[in-house]
Structures are given as structure tokens and as C-alpha cells.
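K.L.:
Working from the sequences, and respecting the hints, build out all of it.
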Amino acid sequence: MGNFTLITSREYLNKITNKTFILSTLLTPLFIAGIFLLIGWLTSVNNESVKNISVVDNTGYIYEKLNSSGTIKYELLGDFSIDEAREISNAKSDYALLYINDFESPKAIADSIKFISEDATLTVINNIESQLENILTNENFKINNIDINQINKRKVYVDLSQETFEGEKTTKADGLIKLIFGFILGMMLYMFIFIYGSMIMMSVIEEKTNRIIEIVISSVKPFQSMTGKIVGVSLAGLTQFVMWGILISVFSSLFSYFFGITTTYENTELILNASEDSEISSAALGMISAFMNLPLLNIMIAFVFYFLGGYLLYSSIFAAIGAAVDNQTDAQQFLMPITIILIVALYVGMLTVPEDPNGIVAQIFSFIPLTSPVVMMMRIPHGVPLFEQILSLLILFVSVILVIWIAAKIYRIGILMYGKKPSYKELIKWLKY
Amino acid sequence: MNNLLVANSISKQFGNFTALNNVSINIPEGSIFGLLGPNGAGKTTLIRIINQITAPDTGTVLFNNESLNSNHIKDIGYLPEERGLYPKMKIGEQAIYLAQLKGMDRQSARSELKKWFDKFEISDWWNKKVTELSKGMAQKVQFIVTVLHKPKLLIFDEPFSGFDPINANLIKDEILQLNKDGATVIFSTHRMESVEELCEYITLINKSNKILDGKLDDIKRNFKTNTFEIAVNSLESQVLKKELESKYQTMTPTFRTIGDNLRMNIKLKSNQSSDELINLLNKNSKLIHFKEVVPTANEIFINSVEND
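Protein chains in written order, with the numbering used here: chain A, 1 to 433; chain B, 1001 to 1308.
Keep in mind the hints are simulated off the structure, nothing from the lab.
Glycine included, C-beta positions come from ideal geometry on N, C-alpha and C.
This list has only true hints and no planted wrong ones.
Residues from chain A that face chain B, not an exhaustive set, calculated with beta carbons under 8 Å: (1) N3; (2) N210; (3) K429.
Pair ranges (Cβ atoms, derived): (4) A/W405 x B/D1218: 42 to 50 Å; (5) B/K1172 x A/P337: 46 to 54 Å; (6) B/I1302 x A/F397: 57 to 65 Å; (7) B/T1296 x A/W405: 47 to 55 Å; (8) A/I341 x B/K1128: 40 to 48 Å; (9) B/E1132 x A/L27: 26 to 34 Å.
P.N.:
Here it is in C-alpha cells:
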């Protein structure tokens, strides 16, 4: 145990004092926060630019009912012909020109309205269209002596109250949240395995090519040296992950403080605004309640176990690959199948889970130990029966023990083998030594 | 004499390849023991078995009369032939780390290291990285790390490779001093002059089998051919030459002297004595050179391997 601690702490300290490691720990959050900043800045620039829309209103009642909301500003141009108005509006470099002719029926007016613009966005057009629709419909009701208030009073709104067969309440936002959340979890696992798995491999190759390994394993068992390495690098990885989490929020708030740009939209803010802009806030509220509806406890526990299992499984494979080869180039041949399997897991998760989280394909892949961590993490937010999770974890951890045993054998032989790159056949032969 | 290490009938297979076949060695306590053999003979495998890096398929190893186990790791210091250090770690730190792996605590590792660093006059390397050192400098550090924990058994695999003659001598003297202080030394090398100089016992392994072992002096006695180098300054050298050629088996000389006019190697038969030869040579001539040819370790090595 003493030697294991020694190896682990050396590996850990060596990693976290490494210049590249420190740089990537500091620069990655800076980069991500910078991107947040850029996005925030771009959206705010976008929002602040006022879109001037000149209006020629021959009806006399439409313009006054148009709401200049936030970035869209309507301006009455006066009595001009369409060609004159076009020139004037163009000269003012307006965002758009709205030309409304006067007719008897609102329907005829609607058909004759001209909207002239270079590159109006869909949201602007939708906004104008819905406003005009409201105004003209109301006018039409008035002409035909229909009381709008009476209609509004009697109108019936439907918002389906959804729930699962188990009786849990769900909303429309639930599906999306589950998908996004599951995807983030699967992606995190995938990234962690790749970044720190290959770091373990590099560390093994380093000890091997520097020929320090024979001195080390004359003092400790190869198994200790391998597991010490895996744990040491993993701890360094966790440190980096935590640092990233802290630094991203620190940098983000520093940026927003100095540049006065919000890089994140606070949920509370949206709730407070609920009365003003009911559409957005109800969506936000829906998101939050959808998030709360997730089987969070199950997700957390499963994440810990799948993370541990998946990571141990792959990192022992990475350690064995590092021991079997002399340099990084030779490692590619063995890394290829690993990469393919992980990418397959990711794609299976992305393609089958949204369609049918409990479908047969997703189910099969969540029992295969090499793919189950990623696929299961994508499925669990949608709800997976407990016995399925337990069975899958059982398979995973039995495989972990098996793979560590195999990896230790390859490691033990491989670290003392120099020269040519071994074939798969030779690796199998090593298991029998 | 007590044997510090006894290996009994060690065999080791790697797949179809036999690395060691029924090899036994006894290493007397306090001796310097040469483990010799051509490349690929199985020396490194045997050393790795002693270091518990690999386990033998059959056979037992006794260390200090106990079956070899993990407690003995701290009693053994091993300098492998292919050796290195962590390139990015400071010299002092990694020396402490490697000493800790051998069971030393941090404090005593540090103070012992300081002593050795002072002795080798390399104290200012403590905070340097290996990449800043030459190969020979790194070798010095590796040597210190090998002997730091005062092991009972020291195993050196080609310890002098990479050293200039001055530093090789320094290391040789340190090894001799450690031996004098009680350490048993296993010495694996191809440099026969250092075997000649240092080793009391040798074992020769060829193609996975032990072909020779024992005290170097005894082995030399067994290998000598009763051949003598002679050189005389004779008034009638041609007569003497004829006489010698008729009586003995003569050969072309393998040595050089000055002031002689007859020089040759003479091999005595078992019924011929060297006294008779000396008398004959002294009769009408001045004896300049008379020396028994003793086989060198190098000759024994080559002969044994070639005849195996």
C-alpha cells in the first residue's frame, strides 16, 4: 500500500506540475469563457441595433396600433406614393418599408400590404405579420358587429397535462431536457476517457522509453505500478475538471463584470419577468420543472458508477497499449478499435435514444461493457428500469476486473519488451507467460 | 562459507523460447560474482528472477537461506543495463522517490543522498533535470540510487558503460569499497578485463544453460594448457632451437621481449616438468623471459562458448 501511494502521488504531482497541464487547465476555461463572452457580445450588439421600419398608412388606423417593441421601431412616413416612399425609406437606410393601401374590407387591405426590405429576418416578419393579423381581424370583427371581448371570454385554451404511466408529471420540455442532459453526460464520459486515458498511455510509454521502468518494477509489482499510474492520472484529471468548472464561472463573471455583458441568462430573472413576456418565461419555467422532473438521484448514482466502471475499463486498456508499444505512432494501431467502439457508443446513443430510449438497439448496447457507460448515461434521464441498470453495471464491473487482469499481464510483459511492435497474436501469447 | 543467494534449477520459458534451462548458482556472501555469457544467453532473465520482476517456471531462489519474497526487495540494489530516469523530474526529487520505493523514509533518503552527492561532488545537480545532464552524469545518479539503501546484494548490469575512464574508475572503486563493507556483488558484463580485475567467482551461461562456474582461479587452473613463453639470448641459438623442437611441442611466440635471439611458446606434455625446461634453457644461454601462459577470462569465455 505504501508503494501504491508513492506511485500515485508521484504521478499526480508530476502531472499537475507539468507546464502543459497547467496551461491547459488555465487556458481552456479562458477560451470557453471567451467564447461565452463573444456570443454574449454578439447577441447584445444584435439586440441593441434598432430596426427602423417606415410605415405609409393610408387606412389611418393601423399605424397607431403597431407596437414598437424593443428593437423594432415603426415610424410614420406621411402621404406618399409607393415609389416615393421607397426612395425616401432607402435614403434613410431603413430596415424596411411597410406600405399599406386603403380598401373597404380588411381582407383586401391585407392582400395589398407591401413589405420592402433587403434582408428581413423571419422573427421580424413573424412579428409584423402577427400584429397586422390582430389589427385587421379586430377591425373585421368590428365591421361585422362582433364583440371581441365576448369572443375572448368564450375562447377555450388547451394545454395537455402529460404524465407517464407511473403517474409522474411531464411536460413538453421534458423530452428535450432529457435528451440534452443525457447527451451532456455521455459526452463528458467520452471526453474524460479519451483525454485522461491517453494521458495514462503516454505516461506508461514515457517510463518505458526512458528505461526507468526496470528500476521501478525491481521495487514494486508491475500491477502496483500500473494501478498507481491509473489512479494518479485520474486524480489529476478530476482536479483539472474541477478547476475547469471553477475557472469557467470565475472567468465568466469577471468578463461580465468588466465588460458589462451577461454571459448567462439567469433563470430567476426570467421567472420575475413572467408577467411581462409570458411566452419566454413559461418556456423557462417548463425547462426548470422538466429538469426537476428528471430522476436526478438515479442519474447521480448511475453516473458515479458508470463513470468509475467505464473509466477503469478504458484506462486499463490504455495502460496495456502503452506498455505494448515503444512510441505513440505504434499505439495508433491499437487505439483505432477503441476509438471506433467509443464513437459507435456515442452514435448509438445519439441516434437511437431520442427515437426510442428503451428500444432493442439501445438496450443491447447498454449491456455491452465497452459501450454501456456512454449509452446508459444517455438513456437514464428517460428512465431505465432498475434491474436493467443493475444487470448492466454487474456486467460492466465483472468486465472491469477481467480487463484489469488482462491489462496487468500485458503490462507486465510489455514494459520490458523493446523493439518491434507486437501483433495481436503476440499479445494473446503474452497472456500465457 | 554462507551463500547469500542460492538459485536451484531455475527454468524459464517464454512461449516456445527457453530463456533459462535448469540453471543453478550459488553466490557466497561477501563475494564479487561475475555473471557472464554472450548476448541473449539468459543473464538478464536470471537477474530479473532474482529481482522478482519475473517468476521462474520451476526452481527456487533462496536469499539468506529464506525463500525469496517481497521483503527482500529492500535488500537488493539493481542497476539494469538499460537504465534511465524521469526526464522532467528534478534529480534530487526522483532520487528520493526511487529510494522511498525501496523502503527508505524521506528524511534518511535525503540525508544519505546528500552524502553521496557530496562524495561525487554533484551537489549542485539536486534541482536540475535529467535533460540538463550528460549521459555519464545521469549514470552517476543511477549508481547512487542503486546503492543508496545499503542493500546486502548489489546487482550491476554493465555498470561501466557510458562512463569515461576516470569515472569508470571512480565507480569501480566505490563498488570495491561497498564490497569491502560487506555487500555481495553480482556483476554482469562483457568487459572481461573488469571481470579479471574484480570477480572472485564466475558463472558462464550460454544458450540458456550454465556451462561453467566456480572460483575464477580454479577455472583458470583447469583451463591452462601447460604452455610457457620462453626467450633466451643464446650463443648457439640454432642448436638450442633444434633441441627444443625435438623434445617439446613448440609454437610461434605470442609475446614480445627485447635482447633475445630465440623466442617461442612451448607446450609441456604431462610427463615433462618445467624445471627440466629451465635447466635446459640455462645451460648455454641467458634466460630473458620465462612465463607460464595462464588463460585470461576473455580466452576462457571465448573457448567455452565456442566449444559449447
